[in-house]
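Asker: Okay, here's what each chain looks like letter by letter:
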Amino acid sequence: MSPDTLVSWLDLLGTFVFGLSGAMLAVRRDLDVFGIAVLSVAAALSGGLIRDMALGATPPAALATSSYLLAALAAGGAAMIAHPRIERFTKPVMVLDALGLGLFAVTGARKALDYGLEPLPAVVLGVLSAVGGGAVRDILVAEIPRVLREEVYALAALLGAAIVVIADLAGLAPTPAAMAGAFAAAAIRILSVRLNWKAPKAPRRRD
Amino acid sequence: MSPDTLVSWLDLLGTFVFGLSGAMLAVRRDLDVFGIAVLSVAAALSGGLIRDMALGATPPAALATSSYLLAALAAGGAAMIAHPRIERFTKPVMVLDALGLGLFAVTGARKALDYGLEPLPAVVLGVLSAVGGGAVRDILVAEIPRVLREEVYALAALLGAAIVVIADLAGLAPTPAAMAGAFAAAAIRILSVRLNWKAPKAPRRRD
Amino acid sequence: MSPDTLVSWLDLLGTFVFGLSGAMLAVRRDLDVFGIAVLSVAAALSGGLIRDMALGATPPAALATSSYLLAALAAGGAAMIAHPRIERFTKPVMVLDALGLGLFAVTGARKALDYGLEPLPAVVLGVLSAVGGGAVRDILVAEIPRVLREEVYALAALLGAAIVVIADLAGLAPTPAAMAGAFAAAAIRILSVRLNWKAPKAPRRRD
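Residue numbers (my numbering), protein chains in the order written: chain G, 1 to 207; chain A, 1 to 207; chain Y, 1 to 207.
Because the hints were derived from the structure by calculation, they are not lab data. Because the structure is a prediction, the values reported are computed rather than measured. Careful: at least some of the hints might be erroneous.
Because identical chains share one entry, a pair is satisfied inside a single copy or across any pair of copies.
As the list claims (entries may be wrong) - Once the Cα atoms are required to be at most 20 Å apart in a straight line, the calculated EDC-like pairs of lysine to aspartate or glutamate come out as:
1. K201 / D30
2. K91 / D114
3. K111 / D168
4. K201 / E87
5. K111 / D30
6. K91 / E151
7. K198 / D30
8. K198 / E151
9. K198 / E150
10. K111 / E150
11. K201 / E151
Please model the complete structure; the sequences and the hints are all you need to start from.
Answerer: Written as structure tokens, this is what we have:
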């Protein structure tokens, strides 16, 4: 399997896993089959849609072929059928979600560099690609997005995107850098959940 | 009246009705005159704005002429003046809203096909055009969007968009297909409200 | 200092002040350092991002250079370090926020005119540029946006954008018109806060 084919498959896997996060939330909120489909698609595709609309890359990858939509809808279907079983697999779902986060961060940063963005904007667009879908998903059910509530979620995406951009500045080969970035982002995310890491907050006045 | 002129008028009518839904929500939430204007415009134009930004069709139709904005603001003005009277006409407002939903679904899917999108993405963009304005409207007042709460809302849009795309695949004339799609979507929506249809949910564990 | 340099500096100042509004909200909501960074960037850049995506001006100004991101992140850092001190300066922060509102309204309307939009859409896009960042900021923490809750917030932006567009129709020089528009918008906003102005609401039935 060539690296490109691998990345395409991982990208579809990331889309499926993000779609699953939307579908599971929809089931928990007791939404019907169309609500499940809407949240699956929103969670899986919004990050990439925002990225491509910001870059002027139209039609966006998420709509240029049917495969991303099919992956998102397949996740919705899986949650419809097997919701209680998936709920029990919290650990594998969390690991896959971390992998999706890392993959979306590196592919977002890579695409931003390919469109000529400077390093800092490219990192930010990578983070936005990775956390945007989850943010839209949570906003749709009137919740504060996980990226704001959870420790070390944006940080993991930031690390993945930064590795891609720094490797690009250093003239390193893009594919291994993307792999390293996605792996590092996923590892940090998984470790932070397992070890319950906390990020620092602003010092506050005592009341 | 030529079919194109008819579609333009129906499009403006759909914009007005969607604007009315935003304005009536703003009045119910006790917002002031600017809040009413903001919600009218957001409800009426967001769906088309998202559609056109995703397609790279800039400037978006909603901003390329003043007529859509005027229709949305006229809806805000009508709600300001005649709010209690409009509240009493729930049935005609619901029927017009269903017609707006159908019209936006078919014009969204049609525009996506014209921009070269594949069938499934074209259907999804049609649905997004139809339900996006209402979603932005509800998010702005921190509510879960109607498309997630109400039975058979996304389905009606899906049916309208699918009829347009399937007719296109079958090589049928676009104008009658759009008319049929908008009519079918509106009919399904109205029937579902009158007959209180429920869409299936995912099976859940008993607690 | 040339007018263009002045406008660039004022634009960065507006970005910083809007970023500060996001960062202060994040600190009040007890978010961690990444949540503060996300809300700073969202509040400071979303309005311009939406404006540029709607105009097809890609990459958007907010991502075309690093300076806007740095200004937004600097605001996040300032809030992290000096949150209690900034809280005490409510009056200067409100004045700077009013200035940011005016600046974003006039630069948004100006850019819309430069891209060939008609007068009414140009005014609306100016308002959207000015209030969009705050709306995204508030939606991210599941609050009804300030533009809908606060009296005379959208009106101030509307006035600034309208002055730019009317001056353009009258063939007046753009730079003084932009200065006048930003000043008028900021003045109206500050006066409305100091004098506690109320905008009219729709007449309601008594219960």
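Asker: When Cα atoms must be at most 20 Å apart, do K201 and D30 count as within-copy, between-copy, both, or neither?
Answerer: between (34 Å within a copy, 7 Å between copies)
Asker: Given identical chains, is K198 near D30, meaning Cα to Cα at most 20 Å, within a copy, between copies, both, or neither?
Answerer: between (31 Å within a copy, 13 Å between copies)
Asker: Using 20 Å as the alpha carbon limit, work out where K91 and E151 are close: within a copy, between copies, both or neither.
Answerer: So K91 and E151 pass the 20 Å test inside one copy only (17 Å; across, 33 Å).
Asker: Classify it for me, K91 with D114: is the Cα-Cα distance of at most 20 Å met within a copy, between copies, both or neither?
Answerer: Classified as neither: same-chain Cα gap 35 Å, cross-chain 44 Å, threshold 20 Å.
Asker: Should K111 paired with D30 be assigned to within, between, both, or neither, using CA atoms and 20 Å as the limit?
Answerer: neither (37 Å within a copy, 33 Å between copies)
Asker: Is the C-alpha distance from K201 to E151 at most 20 Å within one copy, between copies, in both cases, or in neither?
Answerer: This pair counts as within: shortest intra-copy Cα distance 10 Å, inter-copy 32 Å.
Asker: Within, between, both or neither: how does the pair K201, E87 come out at a Cα-Cα threshold of 20 Å?
Answerer: between (31 Å within a copy, 16 Å between copies)
Asker: Should K111 paired with E150 be assigned to within, between, both, or neither, using CA atoms and 20 Å as the limit?
Answerer: Intra 26 Å, inter 38 Å, cutoff 20 Å: neither.
Asker: Between K198 and E150, at a C-alpha cutoff of 20 Å, which is it: within one copy, between copies, both, or neither?
Answerer: within (9 Å within a copy, 35 Å between copies)
Asker: State whether the alpha carbon distance between K198 and E151 is at most 20 Å within one copy, between copies, both, or neither.
Answerer: within (6 Å within a copy, 39 Å between copies)
Asker: State whether the alpha carbon distance between K111 and D168 is at most 20 Å within one copy, between copies, both, or neither.
Answerer: within (12 Å within a copy, 33 Å between copies)
Taken one by one, the earlier hints fail for this structure at numbers 2, 5 and 10, listed in ascending order.
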